[in-house]
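Top line first, the protein sequences correspond to chains A and B. Heads up, the first sequence is in UniProt numbering, so the first residue is 1 and it goes up one at a time. Heads up, the second sequence is in UniProt numbering, so the first residue is 1 and it goes up one at a time.
Read the hints as simulated data drawn from the structure, not as lab findings. Some hints here could point you the wrong way.
Some chain B residues near chain A, calculated using beta-carbon distances under 7 Å [stated by the list, open to error]:
| hint | residue |
| --- | --- |
| 1 | Ala-42 |
| 2 | Gln-63 |
| 3 | Arg-176 |
| 4 | Glu-202 |
| 5 | Tyr-203 |
| 6 | Thr-209 |
| 7 | Thr-216 |
| 8 | Thr-217 |
| 9 | Ala-220 |
| 10 | Gln-221 |
| 11 | Tyr-233 |
| 12 | Pro-237 |
| 13 | Asn-244 |
| 14 | Leu-245 |
| 15 | Ala-249 |
| 16 | Gln-264 |
Even for Gly, the Cβ is constructed at its ideal location relative to N, Cα and C.
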Amino acid sequence: MDGTFDILLQQVLNGLVLGSIYALVALGYTMVYGIIGLINFAHGEVVMVGAMVTISVLSMLAGAGFAPGIVTLLLAIMAAAVVCMLLAQGMEKYAYRPLRKAPRLTPLILAIGISIALQNLAMMIWGRGYKTFPEVIETQPVEILGATLTNVQVSIMIISVVIMLGLWLLVDKTRLGKAMRATAQNQEVAGLMGININRVISATFLIGASLGAIAGVMRAINYGQADAYMGLLLGLKAFSAAVLGGIGNLFGAMAGGLLLGLIELLAAGYAGQFTGGFLGANYQDIFAFAVLILVLLFRPNGLLGERQADRA
Amino acid sequence: MKKNIGGRTALATAVTLFMAMGIAQAEVVKIGFAGPLTGPSAHQGQDVEHGIQIAIEEANQQQLKIGGEVAEFKLVSEDDVADPRTGTAVAQRLVDSKVAVVIGHYNSGTSIPASKIYAAAGVPQISPSATNPALTQQGIPSVFRVVNDDATLGRYAGNYLVNKLEAKRIAIFDDRTAYGQGLADEVTKAVKAAGGNVVVREYTNDKSTDFNAILTTAKAQKADAVFFAALDYQAAPMAKQMKNLGLKARFMNIGNLPNEQFKQMAGSAANGVYAWNYGTPLLDMPKGAAFEQKLKDKFGVGVVQSSPAAYDATWAAINAMVKAGSADPKTYLPVLKSESYEGVTGTIAFDDKGNLKSPAATVFQFADGGWKTMSVERN
Chain A
1 MDGTFDILLQ
11 QVLNGLVLGS
21 IYALVALGYT
31 MVYGIIGLIN
41 FAHGEVVMVG
51 AMVTISVLSM
61 LAGAGFAPGI
71 VTLLLAIMAA
81 AVVCMLLAQG
91 MEKYAYRPLR
101 KAPRLTPLIL
111 AIGISIALQN
121 LAMMIWGRGY
131 KTFPEVIETQ
141 PVEILGATLT
151 NVQVSIMIIS
161 VVIMLGLWLL
171 VDKTRLGKAM
181 RATAQNQEVA
191 GLMGININRV
201 ISATFLIGAS
211 LGAIAGVMRA
221 INYGQADAYM
231 GLLLGLKAFS
241 AAVLGGIGNL
251 FGAMAGGLLL
261 GLIELLAAGY
271 AGQFTGGFLG
281 ANYQDIFAFA
291 VLILVLLFRP
301 NGLLGERQAD
311 RA
Chain B
1 MKKNIGGRTA
11 LATAVTLFMA
21 MGIAQAEVVK
31 IGFAGPLTGP
41 SAHQGQDVEH
51 GIQIAIEEAN
61 QQQLKIGGEV
71 AEFKLVSEDD
81 VADPRTGTAV
91 AQRLVDSKVA
101 VVIGHYNSGT
111 SIPASKIYAA
121 AGVPQISPSA
131 TNPALTQQGI
141 PSVFRVVNDD
151 ATLGRYAGNY
161 LVNKLEAKRI
171 AIFDDRTAYG
181 QGLADEVTKA
191 VKAAGGNVVV
201 REYTNDKSTD
211 FNAILTTAKA
221 QKADAVFFAA
231 LDYQAAPMAK
241 QMKNLGLKAR
251 FMNIGNLPNE
261 QFKQMAGSAA
271 NGVYAWNYGT
281 PLLDMPKGAA
291 FEQKLKDKFG
301 VGVVQSSPAA
311 YDATWAAINA
321 MVKAGSADPK
331 TYLPVLKSES
341 YEGVTGTIAF
351 DDKGNLKSPA
361 ATVFQFADGG
371 WKTMSVERN
């Protein structure tokens with residue numbers, strides 16, 4: 001790590017790791033918005049629940065004598081994904097579905113309410129402090145062109161890319177994907193064509209929730225901890241990433257997430273240097289949101305968003 | 001009608017008498033506590049609360065008399081969520097509920113704004129953990145702390161980095177709380193005074209767990225020591241990320257280490273971490289082991305950080321009230337200022353500003369699965 005290039009590369013890689021987590025969460029926001037035009041503010045809390053359930057299941061498995069390793073981790077992630085899917089299914093069926101024809105503001109406020117309720121519920125279940133993510137995988141440094149990442153961080157990036165490709169294939173090539181696209185275009189007409197709208201919307205929530213669960217685990221494993229409030233800022237950032245990329249657009253969410261992660265790390269790494277110490281690394285969130293504001297000023301529909309004349 | 005009025009008078013007299021009797025049986029003395037009971041530092045606040053609860057329980061068992069009446073001590077607990085604005089709001093609530101003393105707040109950031117409210121109401125405030133020098137520099141005669149301040153601790157830490165660890169290029173970070181910033185500034189000053197070189201001076205915020213950016217800057221500057229003023233939930237991820245980035249530098253923290261949780265949080269990155277703590281190691285104190293056991297028996301968790309100081313602060317106040325024969329701050333405050341008391345953390349005696357007369361600080365290192373005492377520094 002001598003030259004400025006190595007440092008830049010290190011910051012970029014750090015940003016991409018953070019960005020892949022944002023991207024996975026952002027996909028949950030953008031998919032739901034794309035289909036029913038709802039910003040599901042409770043999605044951040046689904047991510048938090050994913051992380052917390054994984055930690056609980058891991059400590060249960062450890063208590064039952066399972067050796068820590070990739071198998072126990074996968075079991076725990078699957079359990080977390082199931083819990084998150086049930087949670088999302090419940091939210092969609094009992095909270096959002098009855099309000100599908102209501103004014104747009106109503107389900108939005110409901111989503112904020114669910115978010116607060118879930119946060120407090122998590123505090124009651126898991127306590128008020130943070131939970132430590134057990135070291136199930138031994139971290140090993142991986143050298144990439146002079147920069148250093150860990151095997152966990154590299155896995156996070158690879159898994160994110162695989163998931164995003166899988167999601168793209170699902171939406172673009174399968175019957176369910178076609179039904180989702182049709183529902184997004186026009187619910188009523190899609191219904192007339194024989195598509196089961198409720199099932200498609202449910203499926204969208206389920207996919208978003210399972211991506212959220214995985215993102216939650218990634219974040220917890222990367223930083224070694226999780227708490228009941230982690231969904232709040234993570235959700236807000238991911239939502240911003242979705243808006244940055246163009247909400248409703250899958251590639252937009254992916255690009256927005258990665259971009260936001262990059263901006264944050266580069267701002268944190270270089271802000272002090274370029275402003276002579278006037279702005280420090282603690283302003284990293286402000287840079288991220290400032291870029292969001294700038295993009296929206298010049299491209300109100302986001303970077304990859306299309307004009308949607310029929311949607312207010 | 002006349003009869004009716006007579007009946008009412010009788011009833012009123014009876015009620016008044018009954019109430020007077022109630023007061024005569026036991027004088028209730030309210031002891032206020034404020035600290036974070038929710039949020040990421042909730043376990044620190046709860047730890048302080050535990051220390052106060054043990055002291056109150058002991059005092060009630062001893063049936064202490066204040067001015068001839070047996071006093072019943074009661075805890076009034078408030079959650080300030082470590083937030084300055086909430087801190088002043090709960091301070092007002094404590095004043096309104098007529099507490100005789102406030103043990104708290106946990107953070108310097110909440111203690112300093114709240115101190116003005118307590119001062120205006122004449123309620124003594126003893127913080128077990130607020131170490132920002134400014135707290136006792138405001139000229140408030142009723143503010144105390146049972147811990148050494150950051151100026152002292154920062155000086156010890158800076159000297160240790162340069163003279164004992166022989167660090168040449170030091171990166172100094174803080175969490176930008178009143179606590180962390182004050183401390184890191186003191187360390188920076190001490191490092192420079194001792195002839196050391198501060199190559200990075202950066203800060204994050206108290207919510208962040210991603211320090212890759214500033215650590216990469218430190219790596220680029222070839223730092224051989226990293227100092228971070230922040231609590232364990234941030235120190236642990238930083239230790240991990242240093243290891244992950246391959247930044248081979250010594251890591252020193254001042255916050256709320258050493259504690260047992262750190263081992264779990266930081267995993268193998270805990271090895272070699274230096275941590276300063278206020279006072280002397282608990283188990284080296286004559287009453288330390290017994291106190292730890294009491295806490296474990298009652299709450300299931302041992303000392304996290306400030307419960308011994310909170311216990312001593314509570315007892316210092318109770319002792320002063322008993323000796324003065326009054327729970328009225330005006331009467332017992334002079335006694336609190338002049339008395340000396342042998343507590344769990346050492347001799348509790350205050351100087352004219354409200355600081356401890358002889359504060360000690362200890363540096364630990366994590367090795368072989370536990371914290372080892374490296375050195376005890378004293379004024």
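TODO: Please name the hints from earlier in the document that this structure breaks, with their numbers sorted from lowest to highest.
DONE: Hints 2, 10 and 15 contradicted; others consistent.
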